[in-house]
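Visitor: Spelled out, the chains give:
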Amino acid sequence: MSPNESQRRWSSRSIGSKLQHGIFYFLIRQGGRRAAYALLHGVVLYYVLLRPDQRRKGEPYLRRRFPGASGRQRFWHSYRMILDLGKVLVDRAVVGILGPDQMQVKLRGREELLDLLAERRGLILIGAHVGCWQAAMSALGFVEVPVNLLMQREDGDIDRHYFEHAGRECPYHIIDPRGFLGGSLEMLDVLKRGEVLSVMGDRLLGSDKNAAAVDFLGGLVRLPFSAYKLAATTGAPIAVLFSAKTGPASYELELAKVIRVPAVAGRSGAAFAPYVAEFAAALEKFTREHPYQFFNFFDMWQNDETK
Amino acid sequence: MDIKEQLKKILVEELNLEDLTPEEITDDMALFGEGLGLDSLDAVELVVLVQKHFGVEIKDMEEGRPALQTVATLAAFIEKKRQG
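Read top to bottom, the protein sequences are chains G and P.
In terms of our numbering, the first sequence opens at residue 1 and continues consecutively.
In terms of our numbering, the second sequence opens at residue 1001 and continues consecutively.
Hints in this document: simulated from the structure, not taken from any laboratory.
Hints are supplied without guarantee of correctness; some may be wrong.
Claimed, not checked - Label pairs and their in silico Cβ distance ranges:
{"hint": "1", "chain 1": "G", "residue 1": "P262", "chain 2": "P", "residue 2": "E1062", "range": "30 to 36 Å"}
{"hint": "2", "chain 1": "G", "residue 1": "G42", "chain 2": "P", "residue 2": "E1014", "range": "49 to 55 Å"}
{"hint": "3", "chain 1": "P", "residue 1": "G1055", "chain 2": "G", "residue 2": "R193", "range": "18 to 24 Å"}
To be verified - Partial list, derived from the structure: chain G residues whose beta carbon lies under 7 Å from chain P:
{"hint": "4", "residue": "F180"}
{"hint": "5", "residue": "G182"}
{"hint": "6", "residue": "L185"}
{"hint": "7", "residue": "D189"}
{"hint": "8", "residue": "S226"}
{"hint": "9", "residue": "T233"}
Here a beta-carbon is modelled for each residue, glycine too, at the ideal position from N, C-alpha and C.
Same shape as in the complex, but just chain P:
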């Protein structure tokens, strides 16, 4: 399973997105606001989940802002961190 698919599964199962299935989440759907509807508290949990599942730390706002836009941007961030 690639990173994007893993992320979608984590979002649905661990952030309790009861109305969605991983298949319904598109790569470019906004994580916050109109897209998936996550809020600021979900962001906290998502950062912790990324560290737990991928061993990648989102250290600060500079890293977090561009990474936490869509599933695709977050997956790209994780991939880059793993390679670096």
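Chain G with its partners taken away, still in its complex shape:
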């Protein structure tokens, strides 16, 4: 299967119905986070036991993260991972419905981020589908320049972002990668203005042509290099930020790595692969520390010809 075909088959849309989401929102309003968590355990058990099609989506990652695990152990790992995803989704709704004070977010690397912004060349934040990126963004309130997100929403997705629960306006400017030239000129604009651009570094949104092959958990994965090219073109530093759930009502956002990309010659992914590899190494370290908070439910290694 070509990368483009596999992308069409895969979707980040919520698998729950509008009614199912509504039940969780109702429970949160009536009984808070604990009530929603109680239902969540049953829902996760249903998906793990009776929906093997859904459970299997996480297996490519789990097989690499826990290479020696037996079938029964992998079953347990699946349960834990889907449960952690569910908790993150509940937490996101809790923050939206009951307010941001329901969740504590600790930021590690605040001063370093401020130093990077003080360079006035813009700042590229590269995150991943780990922990809760909305929690991560809420910890960036101290940043005085506008924050812009490159974000593609699946058509018809009924899953709500935290600010939508309270009917608030999105606190960030959204750049749609389906826009003119993939939003690249908008991204260039925000960096030229010294603003923050936040992108995800672990999933390809557009053409496979803009991907570099790097090692991740013992195999080759193709990750986007657009952000690194922008950094090379503008001189903007890259801050790799990951969030992790650290307690029932707490998250930690960590500046995991700062990547500097010099003016790189060449148009191929190979030129940017060393910098993408730095990101992949930081992401692998995250999965060692938080094995169940990695939420890419598809086979990232499917085009690895070395496997």
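Place chain P on chain G using the hints.
Guide: Relative to chain G, chain P alone:
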């Protein structure tokens, strides 16, 4: 050398269009997609190159969209900016 010829040279040499020579690029060839085959990341580099070589800034999407169609539209944009 006029602006269009300079642009063609820049496209080939600085965007590393290895299969093309400046002479093979026509004025009305689309920069992106089917024409020259540039992609969104090349657009970023092209905007920076235009500023570097011509001192002209493509400030936003409104300016960029009509200008970044063909060599001719980009050359016209640069000329207009220089005069204005």
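Visitor: If a hint holds in the structure, say so; if it doesn't, say that too.
Guide: Quick rundown of the hints versus the structure:
As the Cβ distance of P262 of chain G to E1062 of chain P is approximately 32 Å, the hint placing it in 30 to 36 Å holds. One distance hint, 49 to 55 Å for the beta-carbon pair G42 of chain G and E1014 of chain P, is violated here, with the actual separation near 59 Å. Evaluation of the 18 to 24 Å hint for G1055 of chain P and R193 of chain G yields a pass: the beta carbon distance comes to about 19 Å. Hint status for F180 of chain G: holds, given a least beta-carbon distance of 6 Å to chain P, under 7 Å.
With its C-beta approaching chain P no nearer than about 4 Å, G182 of chain G sits inside the 7 Å limit, and its interface hint holds. Below 7 Å, beta-carbon pairs count as interface contacts, and L185 of chain G has one with chain P at about 5 Å; its hint therefore holds. Interface restraint check: D189 of chain G against chain P, minimum CB-CB distance 6 Å, threshold 7 Å, status holds. At its closest, the beta carbon of S226 of chain G sits 6 Å from a beta carbon of chain P; the interface hint therefore holds under the 7 Å criterion.
For T233 of chain G, the interface hint holds, since its Cβ comes within 7 Å of a Cβ in chain P; the closest pair sits about 5 Å apart.
Of the numbered hints listed earlier, the single one contradicted by the structure is hint 2.
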